[in-house]
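Novice: Residue-level listing of the chains:
Number of protein chains: 2
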Amino acid sequence: MALLQDFEAIVGTANALTGDDVARWSKDWSGKYSGEPGVVLRPASTQEVSQIMALANEQRQSITPVSGHTGLVGGTYAPGGVLLSLDRMNTIHDINTSARTAVVDAGVILSSLHDAAEAEDLIFPLTFGARGSAMIGGVMSTNAGGSNVLRYGNTRDLVLGLEAVLADGRIVDLMTALHKDNSGLNLRQLLIGSEGTLGVITKAVVKLAPKPKAYATAMVATPTLEDALTLLNRTQDATGGAVEAFEYMPRNYIDVYMDRFEGAREPFEGPQDINIMVEVATTTDTDVNETLLEIMSDMMESGMVLDAAVAQNESQRREMWERREAAAELAFWRQPIVDTDIAFPLDLVPEFFERVGVAMAALDPDHEPNFVAHLGDGNIHYSVYPSRDDQDLMDKIIEAVEDIVADLGGSFSAEHGVGLSKLNTMRRRKDPVALDMMRKIKGALDPNGILNPGKLIPD
Amino acid sequence: MALLQDFEAIVGTANALTGDDVARWSKDWSGKYSGEPGVVLRPASTQEVSQIMALANEQRQSITPVSGHTGLVGGTYAPGGVLLSLDRMNTIHDINTSARTAVVDAGVILSSLHDAAEAEDLIFPLTFGARGSAMIGGVMSTNAGGSNVLRYGNTRDLVLGLEAVLADGRIVDLMTALHKDNSGLNLRQLLIGSEGTLGVITKAVVKLAPKPKAYATAMVATPTLEDALTLLNRTQDATGGAVEAFEYMPRNYIDVYMDRFEGAREPFEGPQDINIMVEVATTTDTDVNETLLEIMSDMMESGMVLDAAVAQNESQRREMWERREAAAELAFWRQPIVDTDIAFPLDLVPEFFERVGVAMAALDPDHEPNFVAHLGDGNIHYSVYPSRDDQDLMDKIIEAVEDIVADLGGSFSAEHGVGLSKLNTMRRRKDPVALDMMRKIKGALDPNGILNPGKLIPD
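Quick note, the sequences are listed as chains F and U, same order.
Numbered by UniProt numbering, the letters in the first sequence go through residues 1 to 459 in order.
Numbered by UniProt numbering, the letters in the second sequence go through residues 1 to 459 in order.
Check each hint, because a few of them may be wrong.
Said to hold, decoys possible - Under the rule of at most 25 Å between Cα atoms (straight-line distance), these lysine to any residue pairs were calculated in the SDA-like manner: (1) Lys440/F x Ile450/U; (2) Lys211/F x Asn233/U; (3) Lys207/F x Asp237/U; (4) Lys207/F x Glu294/U; (5) Lys440/U x Arg439/F.
Treat the hints as calculated values from the structure; they're not laboratory data.
The whole structure should be built from the sequences, with the hints applied where relevant.
Specialist: Structure follows, in structure tokens:
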């Protein structure tokens, strides 16, 4: 393949992998899209990415960018194709402590950025289970969410500037570190979340936040989801919006967790149906533990809280987080699974669960639900194991969930992205004028359709 | 004009204004772009906007959307052309107190939304001097900023969903109220700040915030800008980031204010060079007044604060705000003026003032500076009255400021938008690849170039 030789001339033969060397790029974390790429290119610089894209564009060769490969929607699936891996571009160029910004390459691992920020008494607040492998490039391309969105926003709220390579190899420089910048169309927000279909993000300026002086973390059992939302609102009001995480784990999730993880412990003495993990953080001298205890004991008296346990030390806090973050591994341990990534206005979450329960009882009475939710921002990872391996049944389940989502003004794609797995849903559910706009923008910026074709935007 | 009759058939003859009736649309707040439009269309609904655009597109008739007409950059300037005014579409459809969102038409006046939110013990935090006339449509089209950006973000951070009419009359429905939604390219953020070049924004879902229980507002004089930034950081740290406004007024601004406003009062007993207005707000029971007083008295002891006055009541607080908000009226009282709207990373603001002082002394020793700054977010409205009415001199002044902006990684267009007045700067200073991307997107979404042509994106 003459093209391979040309790619090798750009990145060096050692960084144009084929054959056995590409095995580790054969599937993402969902495990659902399995297939080896033909070539994996590992450029060392934006200039090399630019040369790769210019050549690919000339030769009409499709390119699929990949960084940590921890996606769950098949966004980096390209069997036999060319993957462009950003993993060698992994320098943290600058941590500016007075402006509270960092300049990072696309291949920087999320947890490395966490560590570098903490060393300066700052945090990069975006976090989720895959942080030890996920890289900034993928985080930005998918507009990743996670557990702290409630307090700090999604990825797109944390990125001030970026650099990207376009389909034709040109480099666009949007590397500003500004909080106010109205100089034309917002290309930054267009590229963030575009899943590699409009450009290859190579570098970013991200916001850092002050490191909290103290955390208060607790497990709380409530009789109803409405009571849980009351707990959220009261805690937000009492702390001035300092709730960092508000996670919901139902009974069946805890059961699976207990079953699968050695040394796993129940959150409470007796089993509870609604298990909430709440975390509050403060950068001031306020005693957030005290505040949280007061709210919980008050709600316990009025019967709105059934049980509660505050983490007494960092190791108890870690245990609470591990129980929640096990979800990333637990979700796909058993197949077949119908997994979703949906979001609602907060006040409609209880109605979703009521309605989906009724719908599932009708469709497949013997299904087993398995879900967790970032309840604080209305994002539910609602999954079910259907009672039988039947594609028709699974399609019906997805459509039933989608119907309720549409009815309640929710999103069928909250934080994992669209990739391949939600392409049909995009086609069915997204506003058709919006879809047409996306196709026109894609056509204008990548006229040969070489950047991650077949993802995000349905034909 | 047959086309006029067709427009009349859509909006009614009473709402297709010509002749004397269009006088009030002849200039924006800058006063620099004066010229009567040929026709002003005042549709009553999204459907009517859609019909207008479909007809205009068919007839290749340019359309310039306008709402409150309080812009400062000529973004709605269309002498002899067709303005599409959203002012009749002014319904606040919904204030959802539990989800803390509002659904509003593009023609809702900003202060009306403030009032409606406050009636529910909530706030819509975006605010600036023109709030009594500015409308949501223009606020969104220009991604307006203002004095509370520090705490709550720009317009784009406060909009969850929107509806817009495209150049060909199709309506795109992005009216979600979600905090997590990764369903395709982010068209919402593309339309926000597009200054009417990609679509006519007709409706929005905006975020509301809890109404603060208490404010602490003070005027503070510091010896240097560095000391002022220390005051900002200490206040942010002590309050957990609760600073809502941090405004800088230099001596010459106060002088002009004293001169022009009847009953105006000096902020301090003696004249000070650096006058800072700081406002902290709390939704909890914390005594923010106490916190602010402690910091100021501490800094006074170490010589970093020269004088300070805390507002003792709402009327004193209003006086402080009026002094700052007079800037909108004061900026253009005298001509010629070279006005800018620039932003920097916070830590580089003092360096900008040093360098611009040197540059101005060389270019025009007898100029009079007149500026205010949203110091807390690095946004400076740096203006000067040149010593003579000389276009060549004024061009040189602008270029000198731009050079320093580019050198310090700043923005030449922070919050007012580009419109006509910064088109040349866009051409000179914006990354050329970014400009090309904007042109391609514009061409893809408005192939006939009928939406607000000649604005925002230079040819």
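Novice: Against each hint, give a clear statement of whether it holds in the structure.
Specialist: Structure-based check of all given hints:
no. : hint                : verdict
1   : Lys440/F x Ile450/U : 17 Å, holds
2   : Lys211/F x Asn233/U : 14 Å, holds
3   : Lys207/F x Asp237/U : 16 Å, holds
4   : Lys207/F x Glu294/U : 29 Å, violated
5   : Lys440/U x Arg439/F : 13 Å, holds
Checked against the numbered hints above, the structure breaks only hint 4 and satisfies the rest.
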